[in-house]
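Can you make the complete structure from the sequences, with help from the hints?
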Amino acid sequence: MWQVAPAGDRALLITLGTIIDPALLGQVLALDRVLQDGRPSGLLGTVPAYASLLCHYDAEVTDAARLEETIRQLEGKVDGAIPSGPVVDIPTRYDGPDLPEVALRTNLTPAGVIEQHAGREYLVYCVGFAPGFTYCGELPDQLDVPRLASPRLRVAAGSIGIAGRQTGIYAVESPGGWNLIGRTTLRLFDPTADPPARFKPGDRLRFVPIP
Amino acid sequence: MIEVIDGGRWTTIQDRGRPGLERFGIPPGGAADWFAARVANELVGNRPHAALIECTATGPTLRFDADGVIAVTGGQVASLADWRTVRVGRGSTLAVGTIAPGLRTYMAVRGGVAVPSVLGSRSFCQLGAFGGGFGRPLAAGDRLPAGQAVGHEPETEPWPPSHRLPVRGPWEVRVMAGPQTDAFAGDALERLGATACLVTPAIDRMGLRLETPGLRLQSQEILTVPMTAGSIQVTPSGGLIVLHVDHQTSGGYPVIATVITADLPLLAQARPADTVRFRIVDSTEAARAWRRLSGWLELDL
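From first to last, the protein sequence lines stand for chains A and B.
Position 20, counted from 1, in the first sequence is what my numbering calls 20; the numbers after and before it change by one each time, with no gaps.
Position 244, counted from 1, in the second sequence is what my numbering calls 244; the numbers after and before it change by one each time, with no gaps.
Keep in mind the hints are simulated off the structure, nothing from the lab.
The structure displayed is predicted, hence computed values, not measured ones.
We treat Cβ as the ideally placed atom computed from N, Cα and C, and that holds for glycine.
Please note: incorrect hints may appear among the correct ones.
Here are the simulated distance ranges between beta carbons [stated by the list, open to error]:
#1 B:Pro-170 / A:Ala-156: 57 to 67 Å
#2 B:Ala-100 / A:Thr-185: 30 to 40 Å
#3 B:Pro-170 / A:Pro-175: 47 to 57 Å
#4 A:Pro-22 / B:Glu-211: 37 to 47 Å
#5 B:Arg-164 / A:Pro-83: 45 to 55 Å
Covered by chain A, according to a simulated footprint, are these stretches of chain B (three or more residues, beta-carbon under 8 Å) [unchecked claim]:
#6 126–139
#7 173–181
Now the structure itself:
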């Protein structure tokens, strides 16, 4: 059952689930497409993330109850398959400042951490937090480490971090609490590009170690 | 052209921002006190969302290369008459100075500030370090082009005090329940409503950290969800982070309630050590509050 709740007087948050699950992301993206294509009256824009979709509306054209009714009619009717696309390689230099600590916590050698991290394909679940920040999942069990006890005030653009069952790429310099294990020179955010972010939810990528 | 002699504490160019790009991680941004910004533009005869100068705590010092018309609104400054148009002469210098009461003062220039538009807006985006003409707050030596006047003639009367928002605490800020109110104990929102929250020094355009003396809300991280301006996040330590216009577009702390659009300007003017009381309202009252401010903006001076 989808949960529909107000996020202030101008938006509704549709929560499809509460876990990281490709099937839930697929449904979020399908709902997003249907709403983008159908443009229900008063809907201004949508924001997808993992298992939820935020719907901004024009309160002078529609209201929360009417929009909820429109969205409820789609429940159980959206096709949740994620379209298959190319797997994008992220050239990664595994020299992050937290790599030794992650190795200690996971009972792996640094090389073992790299092998686990680079040895699989990831799904992009969300672009958010800061411009272009790319949330990917899921990490193998073995690499599940908590966030830093106190976040860094500055994390450089291109840094690659891990936290819980997620890995992410910082696209711009920002504060951050993830364990930094590597970095890439690939540019993930460019305000002059269209679209400005390199990835979108549903994309697939892989980290490729470089010396 | 306007030359920046001194940038002040944190002075940026803002318009209505970039709503609709949150899916790229880009916050909506725009003037933090949208109401004061709209009035400043109205006074000088600009379009409602023309780019203007948002000053924080201490305003900039500016030199005007040409005769012009400006208006300042929002937080008070002692340097010039506010909430009305002021003519500035060619070659004149204006030191905006300290802002108090209030935190943010808006200076509209007739014609608007014509810095280049990036992703549909002239607003400075701090997280992305782009926009606002320079990709950073204003600094000495910056030159701001003024645009062509396109709206009506500047207003000659001051904006009436009866149609302004307060710029001094204590603050009463209206909130609607949701979206994660259910993640808290049944009476948590009522208890929050009964608490005089304290504004900490950690405040900026991204959000305001508040303490809740005498109240310890229980919170656990949730799966990352999209966020909006006004989201009141509860951190695991029980503190609040109220997201503002340059907010992170997604987050993993549950949101106990959301500030209504009409009251976001109040949080743009709140200062450290101010108290904030949240009053829980429904969507009908939120709509009424919005209509009231919209009505004020249609005022015929």
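Going through the hints against the structure:
Take Pro-170 (chain B) and Ala-156 (chain A): their Cβ atoms lie about 41 Å apart, and the range 57 to 67 Å is violated. Range check, Ala-100 (chain B) to Thr-185 (chain A): Cβ separation about 46 Å, and the 30 to 40 Å hint is violated. Our hint of 47 to 57 Å for Pro-170 (chain B) and Pro-175 (chain A) is violated, since their Cβ atoms are close to 30 Å apart. In this structure the hint that Pro-22 (chain A) and Glu-211 (chain B) lie 37 to 47 Å apart at CB holds, the actual value being about 40 Å.
Between Arg-164 (chain B) and Pro-83 (chain A), the C-beta spacing of about 52 Å keeps the proposed range 45 to 55 Å intact. Under the rule that three or more residues need a Cβ within less than 8 Å of chain A, the assignment of the segment 126–139 of chain B holds, with 5 such residues. A stretch counts as covered by a chain when three or more of its residues have a beta carbon under 8 Å from one of that chain; for the segment 173–181 of chain B and chain A the count is 6, and the coverage holds.
When the structure is compared with the earlier hints, violations turn up for hints 1, 2 and 3 and for no others.
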